[in-house]
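S.K.: Residue strings, one per chain:
There are 2 protein chains.
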Amino acid sequence: MHILITGAAGMIGSKLTKRLAKDGTLGGTPIDKVTLVDVVAPPEPEKASFEVETLAADLAGTGVAASLIPARPDVIFHLAAIVSGEAEADFEKGYRVNLDGTRRLFDAVQAFSNHYMPRVVFTSSIAVFGAPFPDAIPDDFHHTPLTSYGTQKAIGELLLSDYTRRGFMDGVGIRLPTICVRPGKPNKAASGFFSNIIREPLAGKEAVLPVSEDVRHWHSSPRSAVNFLIHAATLDGKKVGPRRNLTMPGLSVTVGEQIAALRKVAGDKVASRIRPEPDETIMRIVEGWPRNFAPERALALGFRTESSFEEIIQIHIKEEMGGEFVA
Amino acid sequence: MHILITGAAGMIGSKLTKRLAKDGTLGGTPIDKVTLVDVVAPPEPEKASFEVETLAADLAGTGVAASLIPARPDVIFHLAAIVSGEAEADFEKGYRVNLDGTRRLFDAVQAFSNHYMPRVVFTSSIAVFGAPFPDAIPDDFHHTPLTSYGTQKAIGELLLSDYTRRGFMDGVGIRLPTICVRPGKPNKAASGFFSNIIREPLAGKEAVLPVSEDVRHWHSSPRSAVNFLIHAATLDGKKVGPRRNLTMPGLSVTVGEQIAALRKVAGDKVASRIRPEPDETIMRIVEGWPRNFAPERALALGFRTESSFEEIIQIHIKEEMGGEFVA
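Chains as they are written, first to last, in the working numbering: chain A, 1 to 327; chain B, 1 to 327.
Take these hints with a grain of salt, some might be off.
Where chains are identical, the list cannot tell them apart; a pair therefore holds if satisfied intra-copy or between any two copies.
List of simulated lysine to any residue pairs, SDA-like, C-alpha gap at most 25 Å [what the hints assert, rightly or not]:
#1 18 - 269
#2 238 - 254
#3 238 - 134
#4 205 - 267
#5 239 - 287
#6 93 - 104
#7 185 - 27
#8 239 - 142
#9 238 - 131
#10 238 - 282
#11 93 - 115
#12 93 - 136
#13 238 - 257
#14 22 - 236
#15 185 - 236
What the hints contain is simulated information worked out from the structure, not anything from laboratory work.
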């Protein structure tokens with residue numbers, strides 16, 4: 001089996017690559033080769049049992065996507081995107097990378113569709129939804145994104161469905177919750193604080209909380225994100241049916257509940273490293289974000305995630321901090 | 001006031017042009033100039049009080065959309081599209097005309113957005129919805145189109161919302177019901193029979209009915225379509241809010257109710273000119289189509305349509321047949 005990962009140098013892409021290297025198989029089939037693509041050269045995984053090809057290229061560039069498909073990757077994980085903050089700050093770049101890049105990839109698959117039919121897993125986002133919302137957003141709620149990033153992801157979903165319906169590919173789109181705890185340095189996502197307030201205090205550093213503690217949001221761990229991708233790559237497409245895009249399960253918690261979980265897992269001293277510093281801009285952005293979902297279809301299809309925020313914190317401590325934090 | 005109409009040679013475009021020529025004003029403001037664009041040169045209206053410019057050009061072609069905007073049309077009616085049947089038969093043409101054409105037009109407005117802010121009225125379609133449906137589709141129902149045409153219209157809606165949110169334009173998207181009775185010759189739309197079974201018998205000709213009489217669908221007259229466009233062009237954008245796309249009101253009737261209305265208006269002999277001839281392909285397509293809506297937002301914003309199918313037939317007889325039909 002040959003696997004192609006776009007956006008492979010990103011946080012989720014590199015975790016997925018590590019997981020594939022560890023498993024050596026996908027859905028029970030041995031992996032022969034993994035092709036990793038990103039705008040910067042993705043690092044090769046250590047100790048992979050399969051061939052690894054890395055490529056630094058812009059998927060939205062002429063001919064780039066088309067060059068990747070003749071090798072017939074059986075599974076394509078299309079993760080490449082610029083994040084919400086950047087897509088909002090740079091209108092043209094957002095549409096070029098997130099819309100044109102996706103379309104060029106799908107068109108490259110379409111152009112080759114007489115020869116084969118790959119499973120294409122597309123990472124969409126809960127940013128396709130925009131306020132006002134019902135208490136728990138159902139699977140049939142409309143897409144009225146309030147950001148260009150959400151717009152671009154919603155368009156990607158529509159293309160994925162139509163190209164799948166036409167038999168050009170076998171697509172599954174998964175709307176990821178906000179990934180928490182995001183490791184490493186903050187990126188340009190306005191949602192960064194949801195992770196900062198856990199990751200930084202655990203590392204002995206102060207973290208700024210720009211919103212009030214009653215802000216509710218929808219989370220899952222990086223480990224769950226990788227599990228979602230693997231499950232989306234291997235599940236029976238017939239069971240998905242014509243509606244190819246799925247809201248992934250998550251955990252609906254308030255910032256106050258996040259902090260209480262941190263206190264429970266790591267103690268008062270760690271939790272006291274969170275410093276409230278209200279930021280009107282971030283508060284306004286976050287107001288338009290979803291708070292809770294009823295992801296019935298994904299649950300019925302076997303997608304699973306964490307059931308408590310303590311578990312999310314413990315995963316971070318185990319997987320990113322070698323099991324130890326700064327008390 | 002300067003008005004630009006794309007797709008001006010089409011059925012709705014030419015009726016809109018006639019109406020503007022008759023009114024001489026839009027929303028109380030005198031019209032100075034109307035620019036009519038289509039792939040074939042649109043006919044000029046008779047007796048217009050304003051300057052008329054016609055242009056035969058492909059909106060998806062390089063530089064075409066960009067050439068139309070520096071004249072700063074105050075209102076842009078973006079009607080240009082290929083219909084569902086053609087977009088389904090020709091994948092590339094559908095995406096080029098319906099998606100790229102729309103995006104190029106919106107991008108041309110965006111590139112000029114430091115200079116002015118036009119009202120852009122975009123004709124979307126109920127084809128953005130795909131079965132299964134609730135009994136009456138609410139305004140917050142998701143878009144899962146089952147055709148490429150519906151996909152392209154749904155993408156146009158998303159772009160319109162985002163470009164409006166960013167302040168590049170003042171967009172209003174209207175999801176037109178199936179227009180009935182469509183005058184003239186059949187086009188490639190699979191929905192053609194809804195009009196054929198009224199128009200042809202009234203003209204003394206036989207019409208083929210390819211589906212069963214219990215098929216229910218959502219209709220409004222060409223006159224209503226023009227009224228929707230005029231209302232969308234002149235209503236207060238602030239009242240629309242951030243959700244810029246609206247399902248237009250319509251009339252939910254079965255084919256049997258259409259035939260009963262024809263019998264009531266024109267008599268048994270006319271109604272007997274309908275010949276059932278089941279067509280599996282059309283039946284399968286129609287199964288995925290919406291049957292009924294609860295278009296609360298559009299009604300609250302003052303959009304109105306016919307309240308009986310008899311009225312729809314009478315409008316056709318009056319406006320297209322000079323008040324007389326072949327009994």
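S.K.: If any of the earlier hints don't hold here, list their numbers in rising order.
M.R.: Numbers 1, 2, 7, 12, 13, 15 - these are the hints that the structure violates, sorted from lowest upward.
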